[in-house]
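A.B. asks: Sequence:
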Amino acid sequence: MLRRIYDWCVAAADKPYSLWIMGAVSFAESSFFPVPPDVMLVPMSLARPQRAWLYAVVCTVTSVLGGVAGYAIGAILFDSIGQWLIHLYGYGDRVEQFRTAYAEYGAWIILLKGLTPIPYKIVTITSGFAGYNLLLFVLFSIIARGGRFFIVAILMNRYGEWIRVRIEKHLGLWVAAGVGVLLLGFVIALRMF
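First residue of the sequence shown? That's 1 in our numbering, and the numbers climb one at a time after it.
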């Protein structure tokens, strides 16, 4: 099954709809969806390393737009949808603590969490809930999310073939490592807040 999903993502790199799907995943991940766009970004960049830059731009733009949607959920819909999402991800009892931290460390929270596997949607929703400056939120989101996706683009563009051989040889191990990192991000987020 893993091989079929991986092969689909690699083959999708040549399809005209692939950017739309990757953009939709990136948008959704920043506001409510648990799966990061890296699941498409990495295989598509491996398939077409020369397009890794375009893929990083699409992921950055759509992630920031999704972040603004998450911000709106926190600012406008926190009492209904926002609280439900925060509780769904297990952060309900820590929102006030996180909100207080925003007053002092908002920029650092956005920058650091945007680069890590810690779920970014928690940052976007709480940024809206905390009333963090929207323009600063967008600026720091561009820096953090762009940094994350362009690091992937640099690696795939420069070392794509070398990485591809190793991933394809041990696909199960790499997928397990990716899931482990994602789960570790959730655990760290739970412990930090």
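I should point out that these hints are in silico values taken from the structure, not numbers from a laboratory. A hint or two may mislead.
Just the calculated beta-carbon pair ranges, DEER-fashion [unchecked claim]:
#1 Arg166 to His87: 36 to 46 Å
#2 Val165 to Glu104: 40 to 50 Å
#3 Asp7 to Ile151: 41 to 51 Å
#4 Thr100 to Leu135: 35 to 45 Å
#5 Arg158 to Asp14: 31 to 41 Å
#6 Phe33 to Asp7: 15 to 25 Å
For each residue, glycine too, the CB sits at the ideal point set by N, CA and C.
A.B. asks: For the hint 35 to 45 Å, verify it against the beta carbon of Thr100 and that of Leu135.
C.D. replies: Given about 22 Å between the Cβ atoms, the range is violated.
A.B. asks: Starting from the hint 15 to 25 Å, judge whether the C-beta atoms of Phe33 and Asp7 obey it.
C.D. replies: holds, 23 Å
A.B. asks: Should the hint that Val165 and Glu104 are 40 to 50 Å apart at their CB atoms be regarded as holding?
C.D. replies: Given about 46 Å between the Cβ atoms, the range holds.
A.B. asks: When you take the CB atoms of Arg166 and His87, is the distance between them in 36 to 46 Å?
C.D. replies: holds, 39 Å
A.B. asks: May I ask you to test the hint 41 to 51 Å on the CB atoms belonging to Asp7 and Ile151?
C.D. replies: Check failed, 25 Å falls outside 41 to 51 Å.
A.B. asks: Arg158 and Asp14, beta-carbon distance inside 31 to 41 Å?
C.D. replies: violated, 21 Å
Checked against the numbered hints above, the structure breaks hints 3, 4 and 5 and satisfies the rest.
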